[in-house]
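**Student:** Chains as they are written, first to last, in the numbering used here: chain A, 1 to 234; chain B, 235 to 324.
Simulated from the structure, these hints should not be mistaken for lab results. From a predicted model like this one, the values you see are computed outputs, not experimental measurements.
Some chain A residues close to chain B (C-beta under 8 Å, calculated; not the full set):
1) PHE32
2) TYR36
3) ASN40
4) LEU48
5) ARG167
6) ALA175
7) ALA220
8) LEU225
9) ARG229
Virtual Cβ for every residue (Gly too), placed ideally from N, Cα, C.
Take a look at the letters that make up each chain.
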Amino acid sequence: MVQFVFSPKWFWGKDIFIDAIGVFVLVLIAVFSTRYYKLNKNRNYLYLALSFYLISFSYLAKILTNFTVYSKVLETATIGLLIITYQKVRVSEILFFIGFFLYRLFALSGFYALYSVHEKQSKLSIFLMLYFMAIATYFSLSPFSYYVFYFASFILLSSITMHYYKRYKKNKYSATKFLAVSFGIIAISQIFFMFVGINLNIYVVAEIIQLIGYITLLAAFVMVLKHGREKNKG
Amino acid sequence: MEGKRTRVDIIGDMLSSIAGKGGQIKPTHLMYKSNMSHGQMKTYIDDLVQKDLIKKVKKNNYDYVIITDKGHEFLQKLREMREFEKAFGL
Numbered sequence: 001m002v003q004f005v006f007s008p009k010w011f012w013g014k015d016i017f018i019d020a021i022g023v024f025v026l027v028l029i030a031v032f033s034t035r036y037y038k039l040n041k042n043r044n045y046l047y048l049a050l051s052f053y054l055i056s057f058s059y060l061a062k063i064l065t066n067f068t069v070y071s072k073v074l075e076t077a078t079i080g081l082l083i084i085t086y087q088k089v090r091v092s093e094i095l096f097f098i099g100f101f102l103y104r105l106f107a108l109s110g111f112y113a114l115y116s117v118h119e120k121q122s123k124l125s126i127f128l129m130l131y132f133m134a135i136a137t138y139f140s141l142s143p144f145s146y147y148v149f150y151f152a153s154f155i156l157l158s159s160i161t162m163h164y165y166k167r168y169k170k171n172k173y174s175a176t177k178f179l180a181v182s183f184g185i186i187a188i189s190q191i192f193f194m195f196v197g198i199n200l201n202i203y204v205v206a207e208i209i210q211l212i213g214y215i216t217l218l219a220a221f222v223m224v225l226k227h228g229r230e231k232n233k234g
Numbered sequence: 235m236e237g238k239r240t241r242v243d244i245i246g247d248m249l250s251s252i253a254g255k256g257g258q259i260k261p262t263h264l265m266y267k268s269n270m271s272h273g274q275m276k277t278y279i280d281d282l283v284q285k286d287l288i289k290k291v292k293k294n295n296y297d298y299v300i301i302t303d304k305g306h307e308f309l310q311k312l313r314e315m316r317e318f319e320k321a322f323g324l
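Could you put the whole structure together from the sequences, leaning on the hints where they help?
**Tutor:** Below, the structure is given as structure tokens:
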């Protein structure tokens, strides 16, 4: 049977809460970016919002999948009937595949969209990239795909981190530094997610690192708003 | 600012100029401070008055342009947006 629970049992639910914090931060930035797009019609704001929405959808898919899988598995444990347990696991397995497929698809598309906002690309290359991502995600249902997905996320997130780092070198703006740090931390969490198969506790470490990354991203965003408001008072 | 100013940039510059002068400014000063032609400024002032972002008043026989509360709020949004743009590099 395919492994579809990567979290130690004591951590069930806590990981959902951590992912929900990620969704909150991503949606918050996306909403503001959409608001700014409405103000000045600069499409980059719209693309940035879209990329953050895509990443937040990926976490939503993960949350829903984990929530369903955890509750189904718990249910079988309390019922304790062999035949029912088997059916529940089958349902969970299908849900896991659909949920994890959507999680991977939205996450990779979102990270790539965010990368493309900063590193301009032709429409054709964006289309081709998204097509290959969809194909690769769909056909990669082997256990090995888990590593491939997190490695791809790591590469994309590292590229985004490099962009913000280079930008910080130019503008010396503290919020940009925080952006670089936050995406760097989220990139590091992907490496830990890759090795969850070795020990389930690595999943806990990965989730906590990811949480620190999203809190840093929130701090960067709050800093941006604060600077804007301080300038207004001045 | 680099390149051609957008409409939002011009509105931002106008509102900043008014706010920077304590919330009220003479139209001629506004024209120089926001780097605009007379005709251009007239169009923008009419538009901003219509949107309730500024008001035109007369004081001691002089015309003044006053920023409204809505104008202050809009200016804050614009400043937040510029900070956002600066941080994210948009």
